[in-house]
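Asks: Chains as they are written, first to last, in this note's numbering: chain A, 482 to 824; chain B, 482 to 824; chain C, 482 to 824.
To be clear, the hints were calculated from the coordinates, so they are not data collected in a lab.
One copy or two, either will do: identical chains are not told apart, so a pair holds if it fits within one copy or between any two.
Think about it this way: if two alpha-carbon atoms lie no more than 25 angstroms apart in a straight line, the pair counts; the simulated SDA-like pairs of lysine to any residue are:
#1 571 with 671
#2 729 with 513
#3 616 with 646
#4 815 with 800
#5 675 with 782
#6 815 with 803
#7 678 with 563
#8 675 with 566
#9 599 with 646
#10 571 with 611
#11 483 with 508
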Amino acid sequence: MKTTIGEIAELVGGTVSGGDSDGEIRGFASLEVAQQDQVSFFGNEKYAAQLGETAAGAVLTGTTEVKVPDGVALIHVENAIMAFDAIIRKYGVKPPAFTVGVSESAFVGADCTFDPDKISVSPNATLMDGVMIGKGSRIGANSVISNNATIGENCEIGPNVTVREGCIIGDNVIIHPGVVVGADGFGFEFAGGKHVKIEQLGIVRVENDVEIGANTSIDRARFGETVIGEGTKIDNLVQIGHNCVIGKHCIIVAQTGISGSTRIGNYVTLAAQCGVAGHLSLADQTTFGGRSGIISSVNEPGGTYFGYPARPLKEDRRQSMRIKQLGNLMSRVKALEAKLKDD
Amino acid sequence: MKTTIGEIAELVGGTVSGGDSDGEIRGFASLEVAQQDQVSFFGNEKYAAQLGETAAGAVLTGTTEVKVPDGVALIHVENAIMAFDAIIRKYGVKPPAFTVGVSESAFVGADCTFDPDKISVSPNATLMDGVMIGKGSRIGANSVISNNATIGENCEIGPNVTVREGCIIGDNVIIHPGVVVGADGFGFEFAGGKHVKIEQLGIVRVENDVEIGANTSIDRARFGETVIGEGTKIDNLVQIGHNCVIGKHCIIVAQTGISGSTRIGNYVTLAAQCGVAGHLSLADQTTFGGRSGIISSVNEPGGTYFGYPARPLKEDRRQSMRIKQLGNLMSRVKALEAKLKDD
Amino acid sequence: MKTTIGEIAELVGGTVSGGDSDGEIRGFASLEVAQQDQVSFFGNEKYAAQLGETAAGAVLTGTTEVKVPDGVALIHVENAIMAFDAIIRKYGVKPPAFTVGVSESAFVGADCTFDPDKISVSPNATLMDGVMIGKGSRIGANSVISNNATIGENCEIGPNVTVREGCIIGDNVIIHPGVVVGADGFGFEFAGGKHVKIEQLGIVRVENDVEIGANTSIDRARFGETVIGEGTKIDNLVQIGHNCVIGKHCIIVAQTGISGSTRIGNYVTLAAQCGVAGHLSLADQTTFGGRSGIISSVNEPGGTYFGYPARPLKEDRRQSMRIKQLGNLMSRVKALEAKLKDD
Numbered sequence: 482m483k484t485t486i487g488e489i490a491e492l493v494g495g496t497v498s499g500g501d502s503d504g505e506i507r508g509f510a511s512l513e514v515a516q517q518d519q520v521s522f523f524g525n526e527k528y529a530a531q532l533g534e535t536a537a538g539a540v541l542t543g544t545t546e547v548k549v550p551d552g553v554a555l556i557h558v559e560n561a562i563m564a565f566d567a568i569i570r571k572y573g574v575k576p577p578a579f580t581v582g583v584s585e586s587a588f589v590g591a592d593c594t595f596d597p598d599k600i601s602v603s604p605n606a607t608l609m610d611g612v613m614i615g616k617g618s619r620i621g622a623n624s625v626i627s628n629n630a631t632i633g634e635n636c637e638i639g640p641n642v643t644v645r646e647g648c649i650i651g652d653n654v655i656i657h658p659g660v661v662v663g664a665d666g667f668g669f670e671f672a673g674g675k676h677v678k679i680e681q682l683g684i685v686r687v688e689n690d691v692e693i694g695a696n697t698s699i700d701r702a703r704f705g706e707t708v709i710g711e712g713t714k715i716d717n718l719v720q721i722g723h724n725c726v727i728g729k730h731c732i733i734v735a736q737t738g739i740s741g742s743t744r745i746g747n748y749v750t751l752a753a754q755c756g757v758a759g760h761l762s763l764a765d766q767t768t769f770g771g772r773s774g775i776i777s778s779v780n781e782p783g784g785t786y787f788g789y790p791a792r793p794l795k796e797d798r799r800q801s802m803r804i805k806q807l808g809n810l811m812s813r814v815k816a817l818e819a820k821l822k823d824d
Numbered sequence: 482m483k484t485t486i487g488e489i490a491e492l493v494g495g496t497v498s499g500g501d502s503d504g505e506i507r508g509f510a511s512l513e514v515a516q517q518d519q520v521s522f523f524g525n526e527k528y529a530a531q532l533g534e535t536a537a538g539a540v541l542t543g544t545t546e547v548k549v550p551d552g553v554a555l556i557h558v559e560n561a562i563m564a565f566d567a568i569i570r571k572y573g574v575k576p577p578a579f580t581v582g583v584s585e586s587a588f589v590g591a592d593c594t595f596d597p598d599k600i601s602v603s604p605n606a607t608l609m610d611g612v613m614i615g616k617g618s619r620i621g622a623n624s625v626i627s628n629n630a631t632i633g634e635n636c637e638i639g640p641n642v643t644v645r646e647g648c649i650i651g652d653n654v655i656i657h658p659g660v661v662v663g664a665d666g667f668g669f670e671f672a673g674g675k676h677v678k679i680e681q682l683g684i685v686r687v688e689n690d691v692e693i694g695a696n697t698s699i700d701r702a703r704f705g706e707t708v709i710g711e712g713t714k715i716d717n718l719v720q721i722g723h724n725c726v727i728g729k730h731c732i733i734v735a736q737t738g739i740s741g742s743t744r745i746g747n748y749v750t751l752a753a754q755c756g757v758a759g760h761l762s763l764a765d766q767t768t769f770g771g772r773s774g775i776i777s778s779v780n781e782p783g784g785t786y787f788g789y790p791a792r793p794l795k796e797d798r799r800q801s802m803r804i805k806q807l808g809n810l811m812s813r814v815k816a817l818e819a820k821l822k823d824d
Numbered sequence: 482m483k484t485t486i487g488e489i490a491e492l493v494g495g496t497v498s499g500g501d502s503d504g505e506i507r508g509f510a511s512l513e514v515a516q517q518d519q520v521s522f523f524g525n526e527k528y529a530a531q532l533g534e535t536a537a538g539a540v541l542t543g544t545t546e547v548k549v550p551d552g553v554a555l556i557h558v559e560n561a562i563m564a565f566d567a568i569i570r571k572y573g574v575k576p577p578a579f580t581v582g583v584s585e586s587a588f589v590g591a592d593c594t595f596d597p598d599k600i601s602v603s604p605n606a607t608l609m610d611g612v613m614i615g616k617g618s619r620i621g622a623n624s625v626i627s628n629n630a631t632i633g634e635n636c637e638i639g640p641n642v643t644v645r646e647g648c649i650i651g652d653n654v655i656i657h658p659g660v661v662v663g664a665d666g667f668g669f670e671f672a673g674g675k676h677v678k679i680e681q682l683g684i685v686r687v688e689n690d691v692e693i694g695a696n697t698s699i700d701r702a703r704f705g706e707t708v709i710g711e712g713t714k715i716d717n718l719v720q721i722g723h724n725c726v727i728g729k730h731c732i733i734v735a736q737t738g739i740s741g742s743t744r745i746g747n748y749v750t751l752a753a754q755c756g757v758a759g760h761l762s763l764a765d766q767t768t769f770g771g772r773s774g775i776i777s778s779v780n781e782p783g784g785t786y787f788g789y790p791a792r793p794l795k796e797d798r799r800q801s802m803r804i805k806q807l808g809n810l811m812s813r814v815k816a817l818e819a820k821l822k823d824d
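One chain only, chain A, in its complex shape (with noise of 0.2 angstroms):
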């Protein structure tokens, strides 16, 4: 990136004021970290302080009556915000262009079915016997397709992905870097002294318009299907266990992870590091807070939770309080003993 103050305002459809119209921008940033070649912008007004201390060359801004240091530029728009996600979107990094085609590199085994004049296929890339891929995909460098899996239209696979043997992928997913859609449910019978393995012979169906984190884990079910519902979105580092029932919309943050054949709803939200047990089931429009620890059902929805074991936001609140005051409890009591030995 290499504009200038002005050129930076034609694109937003801006005008400027108080700074150098050639000043030259090759970057952007927040108020806080942009430094003389940066364009920033002020969309909200609890940034007012960081505004005035800024060392951007040039800010977009929606209010006329702004505070910024001398010699800083302000590019007036209607929505700062929006003008600079245009910028964002001109000079952001963007995905590499869509290459049609199979990289001579790529191994393709017998039987798969795709366009190849509708698909990509990176270097390095491995598609099994029997592969899917519906037109309009991306398969990344160095990701391996097993056997008889299916991938939908329009999905962004990424480098170094792995989907395991006759799993399922629907339309417009994102698989992010490292993910392991279908490895081996984590099943044994304890005989003989041994831990035998349980066969793990179901799939993982993702539903359409999921996004999926890097280094995340799905595990195949034990039989039929482990599903991750339409529209959920899952971060990094993330454990689905085998037969897991994800609903549709949901949002699982990084490092979460739930064990087998839990249910959980639509539009549930887990935050981070959250850990859930097995076998539960927990209601639509549930949210849980960060490394909550989920051991029981959740059968009402809408509710908000919180802790180890979790439970209802206020009743964590008002136990938290509790343990806060214990100081202070135990010199009460200290003062009534005391008080009835005088007595």
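Starting from the structure of chain A, add chains B and C where the hints point.
Replies: This is chains B and C only, laid out in the frame that chain A set:
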């Protein structure tokens, strides 16, 4: 899978009552989620309620006195669980056939030792110099076996696995995708205002019959060996630090982390999301509940522990109970104070 | 390794007493686990008991007054730790030699910039278009360096690593297998009953001398940069969210997660399994104990924190103590109640 209720009955040696033997069956599922074209099973009295409302087309049962909705066929067998298992084994998604030989797109370095007619090396796999692979073992697509590493017999190394230099994998070991065996331990000395790397020159030795879940990482020893004992089963996203010695037949559930140099006995169970500090020792047959934080050694075998810091289950329960009663305790102290004021 | 006690003594410039110089040595280990054919060392008085029971064939020692079981050879040296280190360096499992050049089975895209005589690109690695690699750097087998990413000089990029589009890696950086640098941040806007993706168009910039552990993931910025500061060491399975700025010379231990836009100072230590909420700021030289849950900023440098929510260590200890005394407190309240009833 496309068959009929009658053919399923024949497969499991059962007899049909109360439904149409010609009814089409396209899959199998638990009572709760099975549909009209699926077969399910009734293997435990506690699912009687689910049986009474199932939408399955047919249900395997070893009990004669059962109530199902009208139109649901019963397939009478001696052992419903075993019969269902036979169906899963016939119609489930099986791992792909063992393809003997080394894929042309795999890379094989110098001085590797294996019988190419008795192993399977998948496409785009990389065997660096000096690798040894025992007969009956499969190396998954895009996996990397680094210099002088040894893989035993009848191992299943999944796709995108990394086994680093000199590490030793026993026989009948299953390693799921994304696993890293033998990355450097996390060891630094603080000197001159920097963290200076301590070279990690040991290996990881994985004994026979071990299974390691997706995206788990096991660090190589500073010197000597990090050991995973025979028959131990490790779930997904687990972290095992350098120089740990894990005993035989342990169960280590997802997202658990074990810090360096800790020694774990035989038949130890660490439930999900546990954390174990470094340089500890955990006795044989101890069990740790989900998310336990273990910060001191446990020398007595056979106990069950819970909480952070982990303590005997009974003690943990007692303490949790006391915390729950805090509100009540506060009221009682208030009452005492009021009474003493009144007096 | 196959040598003798005498040859080991020669290697470290020591003299043998109390054993057979011709005794065979095939390895090295700590006092506790060393066997007859292994050499160990006695470097710290606190291991005197282990020394007294060691089964090692020989022990390096800098102290003359030591007791070992009969038949164990002592190798007298000035500094036992340094002597042992010399043995490890000679006989330990070393990383494979740096093989200059680009493997024929690697894929190299268009417009890449590097000197093929000064770098090493391993088999089945993928360099997409526009990649730059500095001299002395090695790209591990099956790793993927995406479009226009930059790798500095003398870097060790392990096998199966992914560095995504436009990300910048400094000099002397070590990245272990399975790491993902530059996957999309987890950002969505809820609109029309769906989570709509916010494009993630920034990069990750990793400064010099950083080490990143196996299967860790570091997300690219929404715009601008996610930064890992010079000399910072990150362990395995760590999650770093978009737009985080991590300072210099920090230690971030395994399975820790840092939410988006958090700024961490220099010389900060986060022990294992910590969680840091988003948009926080942690001052220089602060230390957080294992599994701390940090939900508010820490502005004062140098303190030690613990617990969830994280608080100063002293305060956390005090509170833990009070909780332990709860049973006692309850008894005392009961006694007061009884006394008041009696009166």
